[in-house]
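*Asks:* Numbering (numbering that gives the first Met the number 0), first residue to last: 0 to 276.
Hints are computed from structural coordinates only; laboratory data are not their basis. Any given hint could turn out to be false.
Calculated cross-link-like contacts (lysine-lysine; reagent style DSSO-like; alpha-carbon spacing at most 27 Å) [as the list claims (entries may be wrong)]:
hint	residue 1	residue 2
1	K142	K109
2	K233	K175
3	K175	K74
4	K109	K24
5	K239	K74
6	K180	K24
7	K47	K180
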Amino acid sequence: MSVLELQDRGGLYAFDEAQCTEAGKQLAERYQSAEPFPHIAIDDFVSKDVLRELLTEFPSSDGHEFFDRDQERFKYQYHPQECGPRVRNLLAELNSQAFLSFLSNMTGIKGLISDPYYLGGGLHETKRGGHLGVHADFNIHNKMKLQRRLNLLIYLNDDWDEAWGGHLELWDREMKGCTEKVAPLIGRAVLFNTDLDSFHGHPDPLACPPERSRRSIATYYYTAPPEGVANLPKRTTVFKERPGSTDRADWKVRAQHMWKDWAPPAVQRMLSSAKAD
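Can you build the whole structure from these sequences, using the hints too?
*Replies:* Written out as structure tokens, the structure is:
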């Protein structure tokens with residue numbers, strides 16, 4: 000029995016809004032009281048059989064671009080347009096009114112908006128030796144001019160050996176220590192608030208066999224601040240170094256943020272205009 004049931008409607012799957020709403024209410028206290036920031040890990044979130052069907056459509060990484068730098072290595076992202084119909088069906092349902100009702104009732108965040116552009120979302124894959132450093136995510140959707148509020152990850156890894164690593168780590172807001180580790184097992188979902196200090200990642204290199212990889216579904220959710228996003232501090236992904244580790248700082252991003260925070264707006268506009276010319 001899954002937490003959220005996907006009903007078969009003529010060969011397509013769909014969530015039931017009433018069931019989603021009730022499930023969200025039942026999980027609200029657990030989610031909203033979690034530390035170090037509001038989050039939850041849920042086993043059997045949706046049917047494992049449905050997820051195994053999706054795996055038959057998982058895109059090939061052959062010739063595909065991937066991240067390969069100190070902060071994130073051997074990480075692939077596949078947009079829904081690169082995926083088959085089963086994957087696209089589930090991604091559409093994860094952006095539906097029914098699913099937004101689940102999220103709003105669980106998190107207490109009203110007016111959630113899904114992302115039809117899937118900026119950074121879709122399917123994710125990390126290969127052997129790859130990692131994703133501890134970080135806080137970008138906070139502004141530039142196309143929609145919205146504030147990012149929630150992340151959803153659904154893992155797709157059958158028969159995953161914990162010795163291979165790949166655990167999602169949640170770190171405290173001061174980056175003093177990891178407070179929770181979540182193994183990326185099939186059917187397990189993780190949802191969490193994406194504040195500027197919601198630090199998370201899977202920072203140690205994967206030790207899975209060469210023929211295996213760490214796979215997941217990722218979708219993100221937003222709200223429209225009443226005052227707009229112009230007055231919010233704009234951040235791209237901010238990577239953090241773990242105490243006592245060999246993690247390397249992302250000085251380029253730090254310099255960009257310092258510039259945006261301290262350079263006079265008129266100077267920023269003038270230089271942006273000059274670059275455009």
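*Asks:* Are the hints correct? Go through all of them and say.
*Replies:* Hint by hint, here is what the structure shows:
Straight-line distance between C-alpha atoms of K142 and K109 comes to about 21 Å, which keeps the hinted pair within the 27 Å bound. Proximity of K233 to K175 is assessed by CA-CA distance (about 24 Å); at most 27 Å being required, the pair is judged to hold. Pair hint K175 plus K74 holds up; C-alpha atoms about 26 Å apart against a cutoff of 27 Å. Pair hint K109 plus K24 holds up; C-alpha atoms about 13 Å apart against a cutoff of 27 Å.
Taking the CA atoms of K239 and K74, the gap is about 18 Å. The hint holds against a cut of 27 Å. Between K180 and K24 the alpha-carbon distance is near 25 Å, which keeps this suggested pair within the 27 Å criterion. The straight-line distance between the Cα atoms of K47 and K180 is roughly 21 Å, inside the 27 Å bound, and the hint therefore holds.
Of the numbered hints listed earlier, not one is contradicted by the structure.
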